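Peer 1: Here is what each chain is made of, one letter per residue.
There are 2 protein chains.
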Amino acid sequence: MAGALSGPEIERLVQLLSRLPGLGPRSARRAVLFLLKKKEALLVPLTAALEEAGRKIKSCQTCGNLDSAETCSVCTDPRRDSGLICVVEDVADLWALERAGVFRGRYHVLGGTLSALDGRGPEQLNLAGLVERVKAGGVREVVLGLNATVEGQTTAHYVTDLIAGSGVSVTRLAHGVPVGGELDYLDEGTLAAAFAARRAM
Amino acid sequence: MAGALSGPEIERLVQLLSRLPGLGPRSARRAVLFLLKKKEALLVPLTAALEEAGRKIKSCQTCGNLDSAETCSVCTDPRRDSGLICVVEDVADLWALERAGVFRGRYHVLGGTLSALDGRGPEQLNLAGLVERVKAGGVREVVLGLNATVEGQTTAHYVTDLIAGSGVSVTRLAHGVPVGGELDYLDEGTLAAAFAARRAM
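If you read the sequences in order, they're chains Z and C. Per the numbering used here, the very first residue in the first sequence carries number -1; after that it's consecutive. Per the numbering used here, the very first residue in the second sequence carries number -1; after that it's consecutive.
Note that these hints are calculated values from the structure, not bench results. One or more hints might be untrue.
[To be verified] Here are the computed distance ranges between Cβ atoms for each label pair: (1) Asp185(Z) / Arg97(C): 37 to 47 angstroms; (2) Arg78(Z) / Glu121(C): 53 to 63 angstroms; (3) Lys36(Z) / Gly178(C): 30 to 40 angstroms; (4) Gly110(C) / Asp185(Z): 29 to 39 angstroms; (5) Asp185(Z) / Pro176(C): 20 to 30 angstroms; (6) Gly178(C) / Pro19(Z): 21 to 31 angstroms; (7) Asn124(C) / Pro6(Z): 20 to 30 angstroms; (8) Gly81(Z) / Arg97(C): 57 to 67 angstroms.
[Unchecked claim] Straight-line C-alpha distance at most 25 angstroms; calculated BS3-like pairs for lysine-lysine: (9) Lys37(C) / Lys37(Z); (10) Lys35(C) / Lys56(Z); (11) Lys37(Z) / Lys56(C); (12) Lys54(Z) / Lys36(C); (13) Lys54(Z) / Lys37(C); (14) Lys56(Z) / Lys36(C).
[To be verified] Where chain Z lies over chain C, by a calculated footprint (3+ residues, C-beta under 8 angstroms): (15) 5 to 14; (16) 23 to 33; (17) 65 to 76; (18) 119 to 131; (19) 163 to 171.
Small disclaimer: the values here were computed from a predicted structure and weren't measured. Beta carbons are placed, not taken as given, at the ideal position from N, Cα and C, and that holds for glycine.
With the hints as extra help, turn the sequences into a complete structure.
Peer 2: Below is the structure:
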C-alpha cells in the first residue's frame, strides 16, 4: 500500500480529504499528489486559507449564515429589505438563492429539517431565533424556501404553525415545471402541482 | 454572489480548492461549506495535516518518490530487489503499481514525458539520476513502466537508447487486452498489439 510507501503524513492527508463531499479515496490521492507537486503555488496558500477561515468564519448570530463578522453582511446590508425573511434549510441554499440574485430580503438558516426518521426535532433547529425575529417586529412576510421533500414540507408546516397568529404572512416558493424542463421527464407530483397552480396566459 | 455575502475568506478557499483535480467551482463550494460545518472534526485536522505534509514531504533524492525521509522507504527497504528498477512517469504511477503489489524492485520517477508539442526535452526529466544509478552498478534490469501514449513511448525509446551499451537489459510492460476487458470496446491499436504478442494456451 501507498501508506507503507510514503509515510503516515500522506495517508493522513488522503484520509481527511476523502471525507469531503465529491472526493473519494482515489481522487483524494490524486488531489494530495497535485498539492505536493504544487507546494508553493497551492499547498501553502491553501493551508493559510484554511487556517484563516477556521479562525475567522462563524455562524451569523442573527440568521445562521457563515461570515467573518458576528452579524453577516446580508443582515447588516442596509439596502436589503428587513421586512422579508426567507427561511432556508442550509447555508448552501442561501448561497444558491444569492447566486440566482432573486431575493433582496434577509435570510434565516434553520440548519436542517425536522425528521422523525433521523430523530431531529424542533429543538435541533434554529427556530427560537426565527420566532424572536418575528416577535421583534418589522417583519411583513416569511418566505419558506425549503426543499420540496417530505422533510422540507413537514418543516414548512411546522414553521407556519409557529408563526401563525403573529400577523406576519407566511408564503412558500411555487412548485411547478422547472424552467427548461421537459414534461416527459417530470414526476407526477411536479406535474400535479404545476396543473393545480396553472395561471392565465 | 456568495463572495460579497460571505467575505473574502470563503471565496479564497473556494478558489484554491477548485484548482484541485476532480473539484469544480461548485463542488469546491460544497466542500468549503462542509469544512466550515465540521470545523473541529475536519477543518482543523486538515489544516494541520496540510501544514505537516508541506513541511515534511519531499522528493526522494534517489528515485523521485514522495516521502518524509531524504531517501524514501522504497529505496531503503532491504527486502526489495535493488537490481530491478521500474521507470515511471509520475509518482501516481508508482502508487498505482504499489497498490497492485506486483513489483518488488525499486522505482525511478521521471517527473514527466518528453513532448515536442509541450516543449519538454530530456533536460526537464530526471534522466541524469537514472543514468547514474545504472552506472553505479548492481542493476540487472530496467523495466519501463511508461504510459502507452505517444509521449510515453517516445520517452521509452529515449530511455532505452540512453541505457543501451551499459549491459543492463531494458524491458517494457506488455501491451494487450486488459483483464476483464471486452474486445468489442477495445481500440485497434490494443487489438493489434494483443495479436502480435499472442501466446500459446
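Peer 1: If a hint holds in the structure, say so; if it does not, say that too.
Peer 2: These are the hints, each one checked on the structure:
Distance hint check: the CB atoms of Asp185(Z) and Arg97(C) are about 42 angstroms apart, consistent with the given range 37 to 47 angstroms. The hinted range of 53 to 63 angstroms is satisfied by Arg78(Z) and Glu121(C), whose Cβ atoms lie roughly 59 angstroms apart. The hint said 30 to 40 angstroms for the Cβ distance between Lys36(Z) and Gly178(C), and at roughly 34 angstroms that hint holds. Range check, Gly110(C) to Asp185(Z): Cβ separation about 50 angstroms, and the 29 to 39 angstroms hint is violated.
Distance hint check for Asp185(Z) and Pro176(C): the Cβ-Cβ separation is about 40 angstroms, which falls outside the suggested range of 20 to 30 angstroms. Between Gly178(C) and Pro19(Z) the Cβ separation comes to about 29 angstroms, which falls inside the hinted range of 21 to 31 angstroms. A hinted range of 20 to 30 angstroms holds for the C-beta pair Asn124(C) and Pro6(Z), which are about 25 angstroms apart. For Gly81(Z) and Arg97(C), the hinted distance range of 57 to 67 angstroms is satisfied, since their beta carbons lie about 59 angstroms from each other.
Restraint check: the Cα-Cα separation between Lys37(C) and Lys37(Z) comes to about 24 angstroms, which is no more than 25 angstroms; the hinted pair holds. Between Lys35(C) and Lys56(Z) the CA atoms are separated by roughly 9 angstroms; this keeps the pair inside 25 angstroms, and the hint holds. About 10 angstroms separates the Cα atoms of Lys37(Z) and Lys56(C), which keeps this hinted pair within 25 angstroms; it holds. The hinted pair formed by Lys54(Z) and Lys36(C) meets the criterion: a straight-line CA distance of about 14 angstroms does not exceed 25 angstroms.
For the proposed pair Lys54(Z) and Lys37(C), the alpha carbon gap of about 11 angstroms is at most 25 angstroms, so the pair holds. Using a Cα cut-off of 25 angstroms, the hinted pair Lys56(Z) and Lys36(C) holds, with the two alpha carbons roughly 12 angstroms apart. For the region 5 to 14 of chain C, the assignment as covered by chain Z holds, since 6 residues bring a beta-carbon within under 8 angstroms of that chain's beta-carbons and 3 suffice. Here the region 23 to 33 of chain C counts 8 residues with a CB under 8 angstroms from a CB of chain Z, which clears the bar of 3, and the coverage holds.
Residues of the region 65 to 76 of chain C with a Cβ under 8 angstroms from some Cβ of chain Z number 6, which satisfies the need for three, so the listed coverage holds. Judged by the Cβ-Cβ criterion of 8 angstroms, the region 119 to 131 of chain C is not covered by chain Z as claimed, because only 0 of its residues qualify and three are needed. Chain Z is given as covering the region 163 to 171 of chain C, and this is violated because 0 residues of the stretch bring a CB closer than 8 angstroms to a CB of that chain, at least three being needed.
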